[in-house]
Amino acid sequence: MNRLHRFFRTPEAIAGALILALLIAMALAAPLLFSGDPQAIAGPALLPPFHDWSLPLGTDRLGRDVLAELFHGARTSLAVGLAAAAAALLIGAVIGTLAGFAGGLVDEVLMRITDAFQTVPSFLLALAFVSIVGPSLGVVVAAIALGAWTGPARVARAEVLSIRERDYVAGARVIGMHPLEIAFREVLPNALPPVLALSSVIVAAAILTEAALSFLGLGDPNRVTWGGMIAEGRTVLRTAPFLSIIPGVSLVLTVLGVYLAGEGVVESTAVRRSLS
Amino acid sequence: MSLLAVSNLAKRYHRGSKPFAAVDDLSFEINPAETLALAGPSGSGKSTIARLVLRLIEPDAGRIDFEGGDFLALSGAALRARRARLQMVFQDPLAAFNPRATVARVLDDPLRIHNIASRAERPRRIAALLERVGLDASLATRAIHEISGGQRQRVAIARAIATKPSLIVLDEAVSALDVSVRGQILELLLDLQRQERIAYLFISHDLGVISAVAHRVVILDAGRIAESGDARAVIANPQSAIGKALVDAAPRLNRNRP
Ligand SMILES: Nc1ncnc2c1ncn2[C@@H]1O[C@H](COP(=O)(O)OP(=O)(O)OP(=O)(O)O)[C@@H](O)[C@H]1O
Ligand SMILES: [Mg+2]
Numbered sequence: 001m002n003r004l005h006r007f008f009r010t011p012e013a014i015a016g017a018l019i020l021a022l023l024i025a026m027a028l029a030a031p032l033l034f035s036g037d038p039q040a041i042a043g044p045a046l047l048p049p050f051h052d053w054s055l056p057l058g059t060d061r062l063g064r065d066v067l068a069e070l071f072h073g074a075r076t077s078l079a080v081g082l083a084a085a086a087a088a089l090l091i092g093a094v095i096g097t098l099a100g101f102a103g104g105l106v107d108e109v110l111m112r113i114t115d116a117f118q119t120v121p122s123f124l125l126a127l128a129f130v131s132i133v134g135p136s137l138g139v140v141v142a143a144i145a146l147g148a149w150t151g152p153a154r155v156a157r158a159e160v161l162s163i164r165e166r167d168y169v170a171g172a173r174v175i176g177m178h179p180l181e182i183a184f185r186e187v188l189p190n191a192l193p194p195v196l197a198l199s200s201v202i203v204a205a206a207i208l209t210e211a212a213l214s215f216l217g218l219g220d221p222n223r224v225t226w227g228g229m230i231a232e233g234r235t236v237l238r239t240a241p242f243l244s245i246i247p248g249v250s251l252v253l254t255v256l257g258v259y260l261a262g263e264g265v266v267e268s269t270a271v272r273r274s275l276s
Numbered sequence: 001m002s003l004l005a006v007s008n009l010a011k012r013y014h015r016g017s018k019p020f021a022a023v024d025d026l027s028f029e030i031n032p033a034e035t036l037a038l039a040g041p042s043g044s045g046k047s048t049i050a051r052l053v054l055r056l057i058e059p060d061a062g063r064i065d066f067e068g069g070d071f072l073a074l075s076g077a078a079l080r081a082r083r084a085r086l087q088m089v090f091q092d093p094l095a096a097f098n099p100r101a102t103v104a105r106v107l108d109d110p111l112r113i114h115n116i117a118s119r120a121e122r123p124r125r126i127a128a129l130l131e132r133v134g135l136d137a138s139l140a141t142r143a144i145h146e147i148s149g150g151q152r153q154r155v156a157i158a159r160a161i162a163t164k165p166s167l168i169v170l171d172e173a174v175s176a177l178d179v180s181v182r183g184q185i186l187e188l189l190l191d192l193q194r195q196e197r198i199a200y201l202f203i204s205h206d207l208g209v210i211s212a213v214a215h216r217v218v219i220l221d222a223g224r225i226a227e228s229g230d231a232r233a234v235i236a237n238p239q240s241a242i243g244k245a246l247v248d249a250a251p252r253l254n255r256n257r258p
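So the protein sequences, as listed, match chains A and B.
Position one of the first sequence corresponds to residue 1 (my numbering), numbered consecutively onward.
Position one of the second sequence corresponds to residue 1 (my numbering), numbered consecutively onward.
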């Protein structure tokens, strides 16, 4: 309760939380409000926004309902962003914990692999992965996670390196606990807070990467995505700029919202830590 | 035969680029149900010896025999199984437990790991352990940080005796406690020794405590044995320079001496 209170003290955090809440509401409501196929033709092509109240945001080049596409796009963005970030945090935490806890050769090998992934720009990595394996939601999630796990891995390793010297880890060895159980049950949970602090940045980056992949036509073709909508709108940018502007602004607001809310969470826990 | 026999043990560390011996060609023995105290100035290698004996760090040379077997030859699952017989109590009882743990979990782990009791039976065993160390069984549900320092050290002792060890290493285990609590904990340790025939490797800088609980004492100086013998005799009449210095530095003892 107290923590929630502290979270809502900064206006940035409130703005972030509001945007996120709206986004989540859109994602959840999409199949209820727009139960049909969002990619089906709903009216005349290139209807501008605010002309026909059954199609409030107008239609695109093929006559699809832009509002329905926006809602369903929110669903894709959020799902991909959260799934990719969760996968990246999980992989990163596990690899960082193994490297930091095992030390020696295991650490050396895992950290060289991490270096290798970090030197390749993550977007190129995602691009290459999707072009080879083929675009589908799962592949896009994996492709984004592939370029995002190195940060969490480094943070987790650094934290584990300091925790593993603590008495309670020696105590766990003395009672005969298996090293893997010590690493994942005793050490990892205590190393998580600084790793989780990265999640907002990773979710935001994942949403942007997904949009960029879709923009290049490498998104899941069976899903409406904001990146795909921008790419679609680009061909009629002069006559119907709203087709690119609406998903573009949504994307910017979403990334901003995720980032601000994440900062708010980190801030409120940081205050709590420095107080204790 | 002795319970623990340490022979020619050595551990080197590096100070800057120069190697130095934290433990240097050290030999001693502990018999069943005996308390051997390790005393010595700060940095004389007491904690290093404790960590070596517990296989938390590996020696550069020497031999450790425990319960008649080569302890240094064990590894992996065999070593983990053997650890049931050789336990430890740390100085800082707060640092010695996972900050997220509850009392029940801390005591559940050794019972589970060494298959001492079935899952259904363990809560009863945990309650019995708590009562054995003079705590209320209702403490089990508390978080480790929600109990007092003295209670925490009792939980540490309960955890150490959960696997029925023959030897417990206590590294400054009572140093962080205030005097009245310290007396109670020492009383508990003596009682456990009488009842369960547990031997202690008792590390302390407090010669008063050592003469109260230890049978024999080893006085260390820079990783080597300066002198050793019957605890009361050595403390009453130290022969080595470092032994004399330690006795002189212990004010309570001087007053008690005739
Ligand atoms: N991991 C390490 N790396 C380098 N030197 C170490 C390490 N651990 C201990 N030492 C050094 O070894 C020597 C012995 O340390 P140890 O902790 O065993 O002393 P101690 O007798 O327990 O001292 P205290 O009474 O202060 O606890 C000290 O000089 C210490 O600085
Ligand atoms: Mg010490």
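Any given hint could turn out to be false.
[As the list claims (entries may be wrong)] Which residues of chain B face chain A? A partial, calculated answer using Cβ under 10 Å:
#, residue
1, R55
2, F71
3, L72
4, A101
5, A104
6, D109
7, I113
8, A156
9, A160
10, A162
11, K164
[Said to hold, decoys possible] Stretch-level coverage of chain A by chain B, calculated; a stretch enters the list once three of its residues show a Cβ under 8 Å from a Cβ in chain B:
#, stretch
12, 158-172
13, 176-183
FYI, nobody ran anything at the bench for these hints, they're computed from the structure.
Note that the Cβ used here is the ideal one computed from N, Cα and C, for glycine as well.
Restraint satisfaction for A162/B [CB to CB of chain A, less than 10 Å]: holds (8 Å)
Hinted contact R55/B with chain A - closest CB pair below 10 Å: holds (8 Å)
Agreement of hint A101/B with chain A interface, Cβ distance less than 10 Å: holds (8 Å)
Proposed interface contact between I113/B and chain A, which counts if any beta carbon pair is under 10 Å: At about 5 Å, which falls below the 10 Å cut-off, the nearest Cβ of chain A leaves the hint on I113/B intact, so it holds.
Per-stretch coverage check for the stretch 176-183 of chain A, three Cβ contacts closer than 8 Å to chain B: holds (count 3)
Status of the K164/B interface restraint (C-beta, 10 Å, chain A): violated (13 Å)
Status of the hint placing A160/B at chain A (closest C-beta pair under 10 Å): Since the shortest Cβ distance to chain A is 8 Å, the answer is holds.
Interface hint status, A104/B versus chain A (Cβ within 10 Å): Since the shortest Cβ distance to chain A is 15 Å, the answer is violated.
Coverage assertion for the stretch 158-172 of chain A with respect to chain B, Cβ distance below 8 Å, three residues required: Since three or more residues must qualify, the claim that chain B covers the stretch 158-172 of chain A holds, with 6 doing so at under 8 Å.
Hint check: 10 Å Cβ-Cβ cutoff, F71/B to chain A: violated (13 Å)
Given hint A156/B near chain A, where the shortest CB pair must fall under 10 Å: A156/B check passes; min Cβ-Cβ to chain A is 8 Å, inside 10 Å.
Chain A contact restraint for L72/B - C-beta distance below 10 Å: violated (16 Å)
In summary, the structure is inconsistent with hints 2, 3, 5, 11 from the numbered list given earlier, while agreeing with the others.
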